[in-house]
Amino acid sequence: MSEILIRNGRVIDPQSGLDEITSLLVRDGLIAEVGTSTQNAESVIDASNRIVAPGLVDTHVQLREPGFEEDETIESGSAAALAGGFTSIACLPNTNPPIDTPAGVEFVRQKAARACQANVHVLGCISKNREGEELAEIGTLVESGAVAFSDAPAPLASTDLMRRALQYCLMFDKPIFSHAEVPELSQEGIMHEGVTSLVLGLSGMPADAEDVMTSRDLRLAESTGGRLHLMNVSSRDSVEQVKRAKGRAARVTAGICAAHFSLTDQSLRSFDSNYKVNPPLRDQQHLESCIAGLVDGTIDVIASGHAPRATEKKMRELDLAPYGMIQLETTLSLVIMNLITPGHLDWPAALAKLTSNPASVLGIPKGTLAVGADADIVIIDPHAEWTLSADDLVSRSKNTPLDGSTMLGRAETVLVGGEVRFGAQL
Amino acid sequence: MNTVAADTEPLAPPPIPSWWNRRHLLDTESLSAEEITVILDTAEQFKQITEQGRQKLSILSGQVVANMFFEDSTRTRTSFGLAANRLGADLVQFASASSSLSKGETLIDTAKTIEAMNVDVMVVRHRTPGTPHLLSENVDCALINAGDGPHEHPTQGLLDLLTIRQQRGSLEGLTVALVGDINHSRTARSNIWALKKLGAHVIVCGPSTLVSPHWESLGVEVSYDFDEIVPRCDVLNLLRIQFERQYTRPFPSVREYALLYAMNKERMKRARPDILIMAPGPINRGVEITPDVADGPHSVILHQVSNGIAVRMAVLWLIAGSPAAGQQANQESE
Numbered sequence: 001m002s003e004i005l006i007r008n009g010r011v012i013d014p015q016s017g018l019d020e021i022t023s024l025l026v027r028d029g030l031i032a033e034v035g036t037s038t039q040n041a042e043s044v045i046d047a048s049n050r051i052v053a054p055g056l057v058d059t060h061v062q063l064r065e066p067g068f069e070e071d072e073t074i075e076s077g078s079a080a081a082l083a084g085g086f087t088s089i090a091c092l093p094n095t096n097p098p099i100d101t102p103a104g105v106e107f108v109r110q111k112a113a114r115a116c117q118a119n120v121h122v123l124g125c126i127s128k129n130r131e132g133e134e135l136a137e138i139g140t141l142v143e144s145g146a147v148a149f150s151d152a153p154a155p156l157a158s159t160d161l162m163r164r165a166l167q168y169c170l171m172f173d174k175p176i177f178s179h180a181e182v183p184e185l186s187q188e189g190i191m192h193e194g195v196t197s198l199v200l201g202l203s204g205m206p207a208d209a210e211d212v213m214t215s216r217d218l219r220l221a222e223s224t225g226g227r228l229h230l231m232n233v234s235s236r237d238s239v240e241q242v243k244r245a246k247g248r249a250a251r252v253t254a255g256i257c258a259a260h261f262s263l264t265d266q267s268l269r270s271f272d273s274n275y276k277v278n279p280p281l282r283d284q285q286h287l288e289s290c291i292a293g294l295v296d297g298t299i300d301v302i303a304s305g306h307a308p309r310a311t312e313k314k315m316r317e318l319d320l321a322p323y324g325m326i327q328l329e330t331t332l333s334l335v336i337m338n339l340i341t342p343g344h345l346d347w348p349a350a351l352a353k354l355t356s357n358p359a360s361v362l363g364i365p366k367g368t369l370a371v372g373a374d375a376d377i378v379i380i381d382p383h384a385e386w387t388l389s390a391d392d393l394v395s396r397s398k399n400t401p402l403d404g405s406t407m408l409g410r411a412e413t414v415l416v417g418g419e420v421r422f423g424a425q426l
Numbered sequence: 001m002n003t004v005a006a007d008t009e010p011l012a013p014p015p016i017p018s019w020w021n022r023r024h025l026l027d028t029e030s031l032s033a034e035e036i037t038v039i040l041d042t043a044e045q046f047k048q049i050t051e052q053g054r055q056k057l058s059i060l061s062g063q064v065v066a067n068m069f070f071e072d073s074t075r076t077r078t079s080f081g082l083a084a085n086r087l088g089a090d091l092v093q094f095a096s097a098s099s100s101l102s103k104g105e106t107l108i109d110t111a112k113t114i115e116a117m118n119v120d121v122m123v124v125r126h127r128t129p130g131t132p133h134l135l136s137e138n139v140d141c142a143l144i145n146a147g148d149g150p151h152e153h154p155t156q157g158l159l160d161l162l163t164i165r166q167q168r169g170s171l172e173g174l175t176v177a178l179v180g181d182i183n184h185s186r187t188a189r190s191n192i193w194a195l196k197k198l199g200a201h202v203i204v205c206g207p208s209t210l211v212s213p214h215w216e217s218l219g220v221e222v223s224y225d226f227d228e229i230v231p232r233c234d235v236l237n238l239l240r241i242q243f244e245r246q247y248t249r250p251f252p253s254v255r256e257y258a259l260l261y262a263m264n265k266e267r268m269k270r271a272r273p274d275i276l277i278m279a280p281g282p283i284n285r286g287v288e289i290t291p292d293v294a295d296g297p298h299s300v301i302l303h304q305v306s307n308g309i310a311v312r313m314a315v316l317w318l319i320a321g322s323p324a325a326g327q328q329a330n331q332e333s334e
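Chains as they are written, first to last, in my numbering: chain A, 1 to 426; chain B, 1 to 334.
Don't take each hint at face value.
Said to hold, decoys possible - Capping the alpha-carbon separation at 30 Å, the derived lysine-lysine pairs in DSSO-like fashion look like this:
#1 B:Lys197 with B:Lys47
#2 A:Lys128 with A:Lys313
#3 B:Lys269 with A:Lys313
#4 A:Lys398 with B:Lys112
#5 A:Lys313 with A:Lys398
#6 B:Lys196 with B:Lys269
Bear in mind the hints are in silico, worked out from the structure with no lab data behind them.
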């Protein structure tokens with residue numbers, strides 16, 4: 001019988017509403033007691049001045065394996081997740097081959113088990129070969145363990161296919177993850193269309209490209225009764241639309257990537273391709289609307305949107321550089337710096353969007369400190385100041401524009417299934 | 001003026017102000033009014049030297065200028081080449097089609113390879129905004145942007161200003177309209193920032209699909225009614241419609257564009273008597289400008305071309321001939 005006592009931390013469990021300085025006992029990989037009076041155990045972690053929370057859950061990351069191992073592997077990505085405080089991540093199927101068969105799901109699960117880092121869940125393809133034409137064998141993918149379906153980061157251009165996918169997934173009660181974008185409007189643009197894109201002469205992706213598709217997807221979710229998760233909301237109108245749809249009790253959830261409440265299109269003035277992401281970094285007004293959406297609960301989930309790309313791919317002309325930014329190891333700090341410190345969200349509210357809410361969207365029994373649950377736990381030092389060095393990051397790719405920035409707060413110790421897999425060695 | 005005597009004496013190059021510290025010319029947006037004025041004054045002096053019959057100087061002898069054009073260009077490439085020659089610099093012509101770029105080499109590697117041939121100044125044209133910035137961060141030599149997609153074409157903006165200043169003495173208080181595809185025009189951007197800094201009022205005019213209302217927030221007047229603005233303008237700069245840059249046709253036909261925005265005889269009648277007609281070229285005759293106007297008495301289009309060489313000589317001299325550039329070179333050789 002192995003026991004770990006995490007002592008005197010500020011224990012926050014958004015699901016139960018617990019927020020107090022207390023101790024927590026882990027036994028045989030499970031949460032055994034919360035608020036325990038036990039003073040000693042086989043192993044003890046002192047969490048004074050630390051926050052003890054359920055391990056963070058990320059609804060969508062790109063792990064790039066198989067096919068793009070120069071960017072990331074299942075092992076390096078799931079290790080980067082742990083370094084960022086995430087104990088469960090769901091990976092997108094934009095691999096080569098795309099994850100559209102049970103063999104693909106099984107490959108990821110086995111690789112992840114062997115890597116023995118964060119738990120990895122699989123988002124299966126909506127369409128065969130991720131081509132956006134006909135449905136993948138969603139039923140068999142569910143059977144092999146896929147938790148949700150998406151063709152992201154590509155949008156699902158076909159309205160007919162989106163409608164069918166929402167209808168078909170009703171049978172399995174699985175959500176469709178939508179990257180809302182009308183391709184003809186965004187035209188593979190480089191940045192948000194607005195004053196800054198006008199000054200820089202960079203091709204713009206208008207907010208309309210997102211809003212028109214958000215509108216379509218919300219409409220279809222309501223008419224079919226299907227579950228829709230808008231995975232990366234970034235515009236004012238999309239936030240408004242989700243809010244109204246939730247008011248009508250549609251089965252809709254919304255997520256935002258860390259970049260979209262942290263950075264604006266002004267960053268592109270540096271012409272640094274690390275700021276080229278999709279959806280694009282929008283202007284200050286859109287960013288403020290997104291923060292308002294986080295505050296009022298319209299946006300349920302904060303995701304990293306981790307999109308690793310090898311340096312040789314990113315260090316190109318802006319039109320040739322792929323979209324994407326690595327974020328697994330910076331998301332927690334960005335939440336602390338841009339949402340908690342300015343007072344937009346308190347710790348329990350922010351953690352809900354990083355733990356229980358994403359777990360509920362994915363339908364996995366994670367993101368909780370309930371007695372009997374898997375002991376996936378993160379111990380956060382909320383006051384740690386550190387300088388980000390891209391070279392020191394665990395992720396195989398280094399495509400972050402935050403290299404050299406001062407960050408606040410970080411995951412110090414991370415337990416998965418009661419085992420310390422990152423930080424303090426016991 | 002005895003040109004024979006001038007040829008035999010070493011000629012004093014135009015002075016470079018002691019505060020000049022610019023290593024690259026990437027845009028006009030970041031130039032100060034003082035810097036713009038220095039470039040225009042220096043260009044004026046080079047123009048006088050050239051007009052005195054002295055075609056070639058040797059003030060940049062021993063320096064190497066690389067023309068790196070990753071996109072088609074005839075006049076800008078030739079103009080930079082001539083400017084470098086007249087200053088006595090050695091010129092390397094780099095053509096992207098015949099280079100290793102077609103063998104899959106990345107742009108940065110190509111630039112580093114060229115730089116390793118002891119290049120002092122790179123003149124870069126590329127289809128993508130920001131590429132000169134990207135290269136300037138990856139090479140040590142000086143860099144001049146000769147047009148990066150729709151972003152900027154600073155020497156074009158500066159030569160347009162020089163042309164106006166020669167005709168009017170000053171930019172202050174003039175109304176200058178840029179007409180055409182403003183959203184996709186690097187010439188428009190380089191003109192706008194420089195004109196505003198020297199006190200001109202700028203109007204951008206063209207079809208609403210090619211002239212964003214956001215220009216207003218940048219301190220520029222937006223108009224979709226060419227006939228309304230013609231009588232108010234001191235200068236009309238008629239930009240080329242860049243058919244190759246647009247994904248979807250932003251107006252129904254060339255005929256309709258010409259009807260709404262071409263500068264023609266009828267519109268000239270309503271223009272000010274001293275109006276200046278400019279076009280950065282190459283011009284589409286009959287689209288943005290009719291031949292009688294392009295070749296008429298108000299046209300300064302050919303002045304623009306000759307001013308282009310003077311402005312490029314000025315920019316090359318200020319960047320490669322400044323003490324700051326010399327110090328850098330010395331430090332590198334030590």
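Hint check:
1. The suggested pairing of lysine 197 (chain B) with lysine 47 (chain B) holds, with an alpha-carbon distance near 23 Å, which does not exceed 30 Å.
2. For the proposed pair lysine 128 (chain A) and lysine 313 (chain A), the alpha carbon gap of about 27 Å is at most 30 Å, so the pair holds.
3. Taken as a hint, the lysine 269 (chain B) and lysine 313 (chain A) pair is broken in the structure, with Cα atoms around 56 Å apart against an allowance of 30 Å.
4. Taking the CA atoms of lysine 398 (chain A) and lysine 112 (chain B), the gap is about 22 Å. The hint holds against a cut of 30 Å.
5. The hinted pair formed by lysine 313 (chain A) and lysine 398 (chain A) meets the criterion: a straight-line CA distance of about 11 Å does not exceed 30 Å.
6. Only pairs whose Cα atoms come within 30 Å are accepted, and lysine 196 (chain B) paired with lysine 269 (chain B) is accepted, the gap being roughly 28 Å.
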